[in-house]
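Undergrad: Use these hints to put chain U onto chain R, whose structure you have.
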Amino acid sequence: MYKWNFDVLWQYWDLFLYGLWLTVVYTAGSIAFGVVIGLITCGARLSGWKSLSVIARVYQEIFRCTPLLVQLLWFYYAFPLLVGGSIDNRVAAMLTLSLYVGAFYAEIFRGGILSIDRGQREAAAAIGMSPMQAMTRIVMPQALKRMLPSFINQSVIQFKNTSLVSVISVADLAYMAAVVNGQTYRPLESYTVMALLYIAVLFPLTQIADLIERRLRVSD
Amino acid sequence: MMIEQEPEGTAMRAEALLEARGIRKSFGALEVLKGIDLTLARGEVVALIGPSGSGKSTLIRCLNMMEIPTAGTIHFHGKSIGRKFRDADDSTGIGTLRRHVGMVFQHFNLFPHKTVLENVTEGPIVVCGTPRAEAEAHALDLLSQVGLSQKRDAYPNHLSGGQKQRVAIARAMAMRPEVLLLDEGTSALDPELVGEVLAVIRRLVDDGMTMAIVTHEMAFAADVADRVLFLDEGAIVAQGAPDEIIRSPSNERLKAFVSRFNH
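Residue numbers (numbering that gives the first Met the number 0), protein chains in the order written: chain R, 0 to 219; chain U, 0 to 262.
You may find that some hints are simply not true.
For lysine to any residue, the following SDA-like pairs were computed, each having C-alpha atoms within a straight-line distance of at most 20 Å [claimed, not checked]:
1. U:K83 - R:A133
2. U:K83 - R:A31
3. R:K144 - R:E212
4. U:K113 - R:R214
5. R:K144 - U:N156
6. U:K83 - R:S46
7. U:K113 - R:S46
8. U:K113 - R:D116
9. U:K83 - R:K144
10. R:K144 - U:E117
11. U:K113 - R:M131
12. R:K2 - R:K144
13. R:K144 - U:H157
14. R:K144 - U:H112
15. U:K113 - R:M139
16. U:K113 - R:R120
17. U:K113 - R:R136
18. R:K144 - U:P111
19. U:K83 - R:R120
20. U:K113 - R:E121
These are calculated hints, taken from the structure and not from any lab test. All values derive from a computational prediction rather than experimental measurement.
Same shape as in the complex, but just chain R (with noise of 0.2 Å):
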């Protein structure tokens, strides 16, 4: 029978601590990118120049359809040989995250937009408001509502997966986890730890997720 021992972890505390703030600031760093990213691409995708819609289209599609540590060992080992020079793990790590992200949120942005019947801008056009009027204050509220369950739900995945910058070094949770084990040999703590701590903050933030879904339907 295993004896647990996660005492032996209590020195480690601080990298623990310190671990889960990198992996809180890149998965906010990397959303707040993504959000950019994602809008830029989305309106290049629904503006009707062919060549820019093509180039956004390709983008999401190389994003959405490598994994992210491939895409994450591509641009820490591969893009550096591609412009000379290196690139700093921890540029690679929130660049790579950001393009993965801003892929899927402009197709969420895109989905959204597109769901709200064009009856809507015409009514606002006809009213004489502006196509940017008609979008920011009819079509975009509208669409708001309709893409934030999927928002938040590709964020959450966000969070996980800002595990994979681990390895080329940048020292978020896992990595750290995995330095604890080196020191302890205690693999089952240190990595049972670890999953506790994104339960920790993951939980509370799905339950506020639903929790806003259900307000949102209600008002429906």
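TA: Structure of chain U alone, referenced to chain R:
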């Protein structure tokens, strides 16, 4: 082809308020409008009738540039409207045209995320920059005219079709338009709800509103229109006073069309 009969108030025909000249519209290879000329004088009510697919909806949607004509021009107050939303000279942009030419849709297209009152004040506040208090006072006045002031805080999803369309008419009127375009305003309604919307439209006619109406309500068109245009396959086949066009049609195609409604 019939001889166009001058509607009542001939003196006012001097002022062509909204005019379509040689309008053609194609969707891909399909030519839906084949060169239409139409003049709306101030205070005039024109009804557009015709079988489905005849192009009457496309024509009325060209009048406020909701559809951009493939060829031909729309003139408002004699000025040709350009293709840009805002022109350097602000009197010829599409946005300017739409501010003065209201439209009511078959499927209402109310804004579901806004209350009835907000639907009506949205245009004046956002497009015209009217102060909120003033816009609300005007909106409440319009809502009471269409009999819906008690619904001011309701959301569109909680209204019947007839109520929705009456709100949509109030929303269009809130812009104080010079012309109102009604695109099959009663076609999506249950039969028992048609009357309440027609009553509101009739009130606008009585108030002297300039209107173009696409409708299948032949009796109503005959009643309120100064002039009736019969469209078929993208062209105006006949036009004239309601008496000639609807009550005693001579054109064969027109006769066949109208007889289907006169039971």
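Undergrad: State the violated hints by number, sorted upward, taking the hints as numbered earlier in the document.
TA: 2, 7, 9 and 12
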